[in-house]
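Mapping of the sequence shown onto my numbering: residues 1 to 877, in sequence order.
Some clues are possibly wrong.
Once the Cα atoms are required to be at most 30 Å apart in a straight line, the calculated DSSO-like pairs of lysine-lysine come out as [unchecked claim]:
#  : residue 1 : residue 2
1  : Lys872    : Lys823
2  : Lys589    : Lys497
3  : Lys872    : Lys817
4  : Lys863    : Lys817
5  : Lys116    : Lys99
6  : Lys590    : Lys526
7  : Lys490    : Lys377
8  : Lys207    : Lys99
9  : Lys497    : Lys590
10 : Lys116    : Lys167
11 : Lys339    : Lys377
12 : Lys116    : Lys207
13 : Lys207    : Lys35
14 : Lys863    : Lys823
15 : Lys490    : Lys387
16 : Lys339    : Lys387
17 : Lys387    : Lys377
18 : Lys490    : Lys526
For the record, the hints were derived by calculation from the structure and aren't laboratory data.
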Amino acid sequence: MPFGYEGSGLLDFPLLDLLHSCPDPIWCMRLPERKWVFLTLSMEDLLGMSIPEFMVRFNLNLVIHPEDQHLFDELLRLAQEEGSGSVDLRFCGMDDSCKWVNLRAVGHRDESGVCKYVVGVARDISEVRRYQEELKLSEMRWKAVLDNAGEAFLTVDQSGNVTYVNKSFESMLGYRRDQIEGRSLWTLVPDDQRQVLDYQWSMRHVKWQRRYEIDLLRSDGSRMPARVIATVVKDLGEDHYLHFGFIDDLTQIRRIDREQKDRLRFLRTLLDTIPSPVFYKDSRGRYQGFNRAFQEVFQAIGPMGEFDMSYLPDDFVARDVNSDLDLLRNPGAMCFHFKFGEGDVSRHFVVHKATFFDHVGRVGGFVGVMTEITEQKRMEAELREAKERAEASSRAKMAFVSHISHEIRTPMNAVVGLSEMLLDSCEDPEIREDLELIHQASMSLTEILGDILDLAAVEAGKLRLEESSFSMEDLCAPVFSLMGAEAKRKGLEFRGKVEDGASGHFVGDQVRIRQLLWNLLSNAIKFTPSGSVSARISASEGGVLFEVSDTGVGIEEEQLDRIFDYFERGEELLTRRIPGTGLGLALCKKLVSLMGGAIRVRSRRGEGSCFSIWLPLRRDHGLASPDRGDDAPELPRGLRVLLAEDNRANQRLMMSLLERMGLSVRCASDGAEALRALEEETFDMVFMDVQMPAMDGLEVTRRFREMERGTGRRTLIIGLTAFSSPDDRRACVEAGMDRFLAKPVSPSRLRREMGRIWSFTSNERNLVNLDVLMEMADGSRELAVGFATDVLEMLPGHIQCLSQAAAGESDPAAVEKSLHRLKGSAGYLGAASLEADLAGLLERWRGGDRQQVIQDLPALLEKLRTLQEELKGYVGG
1 MPFGYEGSGL LDFPLLDLLH SCPDPIWCMR LPERKWVFLT LSMEDLLGMS IPEFMVRFNL
61 NLVIHPEDQH LFDELLRLAQ EEGSGSVDLR FCGMDDSCKW VNLRAVGHRD ESGVCKYVVG
121 VARDISEVRR YQEELKLSEM RWKAVLDNAG EAFLTVDQSG NVTYVNKSFE SMLGYRRDQI
181 EGRSLWTLVP DDQRQVLDYQ WSMRHVKWQR RYEIDLLRSD GSRMPARVIA TVVKDLGEDH
241 YLHFGFIDDL TQIRRIDREQ KDRLRFLRTL LDTIPSPVFY KDSRGRYQGF NRAFQEVFQA
301 IGPMGEFDMS YLPDDFVARD VNSDLDLLRN PGAMCFHFKF GEGDVSRHFV VHKATFFDHV
361 GRVGGFVGVM TEITEQKRME AELREAKERA EASSRAKMAF VSHISHEIRT PMNAVVGLSE
421 MLLDSCEDPE IREDLELIHQ ASMSLTEILG DILDLAAVEA GKLRLEESSF SMEDLCAPVF
481 SLMGAEAKRK GLEFRGKVED GASGHFVGDQ VRIRQLLWNL LSNAIKFTPS GSVSARISAS
541 EGGVLFEVSD TGVGIEEEQL DRIFDYFERG EELLTRRIPG TGLGLALCKK LVSLMGGAIR
601 VRSRRGEGSC FSIWLPLRRD HGLASPDRGD DAPELPRGLR VLLAEDNRAN QRLMMSLLER
661 MGLSVRCASD GAEALRALEE ETFDMVFMDV QMPAMDGLEV TRRFREMERG TGRRTLIIGL
721 TAFSSPDDRR ACVEAGMDRF LAKPVSPSRL RREMGRIWSF TSNERNLVNL DVLMEMADGS
781 RELAVGFATD VLEMLPGHIQ CLSQAAAGES DPAAVEKSLH RLKGSAGYLG AASLEADLAG
841 LLERWRGGDR QQVIQDLPAL LEKLRTLQEE LKGYVGG
């Protein structure tokens, strides 16, 4: 009767101790009542409960998982009928957690051959089951197997003889303990593996713990691949060492590896049947494989993992690498297009890429599928060419109109200016009437040119809105004044009013808003033979409403839908009696659309019209732009002026106007002549045409500013140009011009602008020229304050650097950097005198005269502190 059945005392205590020391629980059950008669204490460790608790829970069917009860029944049947059996099932703990346990059982029969007892061993295989679950979930290798069916253990003496093996070793290799103990370790390895063992044995005192793989011989002579963890520890004796090792059977892993290779071969065959190119890479971007279609496209060859990317086109490689980086940062899917080849043999592909993940959820690599879209691209190219041909004539016409308009501006400058100048001096009524007609016609032509240029810019997508703060009253007042005078001349009553709700400051493109109001009023007066014209500006929900009404000829109802089209003026209505191009309202509609607003018209034939524009203007509750009133101080008489202008008519006009102001004028017809004049004489002011033959005005200005360096003088240079975009203004300032005037320039405007420019230039109280600053910011108070704030923030650092230099603690590179940056900022601020000082100091510093520069730094620092205070005042209001 096994194990001292039911406490019979037949089992001695030493054997009991040995059984209880076994890590795997040993058990015995009596049949047929299924009563436990023996359990080792290791069962408590396995289940986390005492033996008595186990007995109680087992009888209540709480130990074996309900779904696995039939497996336990099968185990008992196998032990009774076949002598032994083994099953894997789940044991439930006290906390309802489950462990997978392998139960192996052997039936014990009495003298009559009846199986009365079943003896078995339980082993915790939860880890093995976990590995099997992970194997199923693995996406990277389709299936990964970790077989951990237990570890074998052995010890070896210093001579390499086996001194002890455990039961796992016996069952793993098929040896009995008495067959293996005392044998040399070398008898357990095949001949072709002994070099591995020799090397590892020689390293035993160099590396105390070693991991390696080796084949071992089973008792039947077959080979078993194994992983060995060998360790050397010092025994109790001084010169005695204990060698022991844990051995894992790699048979299952090797089998799985073979199966995996078989699956890879299958997948590779499957991929090769796909007509689209397919590739896959690891997480480091190294190609691990591709299908036959990929190889045919790129003529790619090479071993997996060592794919030579020189086979791939550069465009594909760059996009492929960038997409790898993007997918590493943001795992998922993406696509990109690339072109392979040139000319008629070029091919287009769309690459769809996605990440795949390893068993721990990290990016394991990338899979890509390429779809050829060469035919689609060919069709798109044909459609694009057809569209371009259809649009070519329209673009050519707009380009021609834009170019001709710019070319006309220069001679128009002379017509406008000379007619106004003659009007000022003519007293003959008949001649004055003719001159007024000429002047009005030239002004109308100038207005038409402006509309043409704006339309060309809108069509080309180059018209940019320049937002700034403005006063609605200040914007409307000059328009009401001029349009009121024109209405009075025609005998019309005019009323213009800004309602209380629309008064104050707003943010928007004031130039374009004024243009809209001007166009509507100009049309209203033009098409109103008698009666009245009125303008009303009021607050509307979310913006401002501009309404212009007249009692004029009105518009036919069927013409209302066409009134905003190009060159549409209602032929039946107007019968060509009223001049105009039909561009004004078309331009208004374009500008309103750019501003996000809406334009509408109400009209009846013979009853007049009402045009309304709604714009989403927001209020500016901050500070307004600096006052730029029209009052201009008188110029000092006798100032020396150089006029650089290549157009004879404009030259004559400008010369006459300037001489009437009491100025002494010298003319230059091209850039080279202007530069010679600047070398020969000293001028108080220079008018420089930007577009001149031989050498343009920008280049003349740059060269002259170089000539002025070190002289302590800075001549006022005003640019004249038919182009007035922000880029043109910026180019003038960067070349060294102080201001610029856009053509055409009327006498009244010339006097007003020159007086304002000279007053700022001659005023020694302020370093900063706010006109220049606002000009550089395109009239935007917000941009001007932002730039001034940036300068304020960087000034303390430069002041500290230059102060240290003045104290003899200079860093030459830092001083040069500060002088250079301050010079650029001074130019944008219109601080001409400060810019000249900085230019001279920078030139001398670079030339090696640093001691003299250091002596002049205190005066410069005083100016910089003054600049700080001025900017603080401007930024703070």
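Practice problem: Take the C-alpha atoms of Lys116 and Lys167, compute the straight-line distance between them, and say whether it is at most 30 Å. | Solution: holds, 26 Å
Quiz item: Is Lys872 close enough to Lys823, meaning Cα to Cα at most 30 Å?
Solution: holds, 19 Å
Practice problem: Given the hint that Lys387 pairs with Lys377, test it: the Cα-Cα distance must not exceed 30 Å. | Solution: Roughly 15 Å between the alpha carbons, so the hint for Lys387 and Lys377 holds.
Quiz item: Has the given pair, Lys863 with Lys823, been kept, meaning a C-alpha gap of at most 30 Å?
Solution: holds, 13 Å
Self-check item: Given hint Lys207 paired with Lys116 - CA-CA distance at most 30 Å
Solution: violated, 54 Å
Quiz item: Given the hint that Lys207 pairs with Lys35, does the C-alpha gap stay at or below 30 Å?
Solution: Outside the cut-off at roughly 52 Å; violated.
Practice problem: Could you grab the alpha-carbon distance between Lys339 and Lys377 and see if it respects the 30 Å cut-off? | Solution: holds, 10 Å
Practice problem: Take the C-alpha atoms of Lys863 and Lys817, compute the straight-line distance between them, and say whether it is at most 30 Å. | Solution: holds, 18 Å
Quiz item: Holds or violated: are the alpha carbons of Lys872 and Lys817 at most 30 Å from each other?
Solution: holds, 24 Å
Practice problem: Quickly compare the C-alpha distance for Lys207 and Lys99 to 30 Å and report which way the hint goes. | Solution: Status violated; Cα separation ~37 Å.
Quiz item: Going straight from one Cα to the other, do Lys590 and Lys526 come out at no more than 30 Å?
Solution: holds, 21 Å
Quiz item: Keeping to a limit of 30 Å between CA atoms, is the pair of Lys490 and Lys526 held or broken?
Solution: holds, 9 Å
Checked against the numbered hints above, the structure violates hints 7, 8, 12, 13 and 15; every other hint is satisfied.
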